[in-house]
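Given the sequences, and given the hints that come with them, work out the whole structure.
Here the sequence shown stands for residues 482 to 657, numbered as in our numbering.
Hints were generated in silico from the structure; no laboratory data involved.
A virtual CB, placed ideally from N, CA and C, is assigned to each residue, including glycine.
Below, in silico cross-link-like pairs of lysine-lysine (DSS-like), each with a Cα-Cα straight-line distance of 25 Å or less:
#	residue 1	residue 2
1	484	550
2	484	543
3	540	649
4	486	550
5	517	604
6	543	486
7	512	604
8	649	604
9	540	550
Estimated spans, in silico, between C-beta atoms of each pair:
#	residue 1	residue 2	range
10	609	539	24 to 30 Å
11	587	530	24 to 30 Å
12	624	525	24 to 30 Å
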Amino acid sequence: MNKTKTAIWFIYDIIFSFLISNALAILILNKVTIFKWYWLILFTMAFLVCVYYMLTFIKNEKRLLRSLKDDLESADSRLDFNLTYLPVFGFIVTFGLLNQQIFILDPTLFFSNSYHNWPFDSKLDFLFYSYDNFIRAACLDFLETYNFHLSRISSSNFWILTLLFFYKSFLAIFFI
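Given below as structure tokens:
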């Protein structure tokens, strides 16, 4: 494969995997509207499994490169979900799902950072919160520099901020 075709396929593969993972997250966010302990435990376990697989990619760079190479070699005209990106997108999406369950448990832990006093009626707010902090961690904080927010959600709770700190730190380390 030539370099241009490989780059286009790589971008296409990332976008398609991103769309599939978000579609699944939106389905889950719309179905899970009440707090249940088993949802919180399930999302926490999925979050930790994604952390584990991302750590194996960090620890063994050859495994990640081999996985990406295998994905590129199997590239064809089919639309498929690339399992190499599953830990990364799973980590990002489960962070939003986990925060949604924490919000349902105690809504006072989060507040609106927008000028409008809108209630958190949209389930997508937590997905936007997750991607907002992902971009802040992976893209050198240009959102913070210009004080731009994708999400209307913020928190001043110590434990939520600690979870957010680990989330952003782990993403930054992974992408470095």
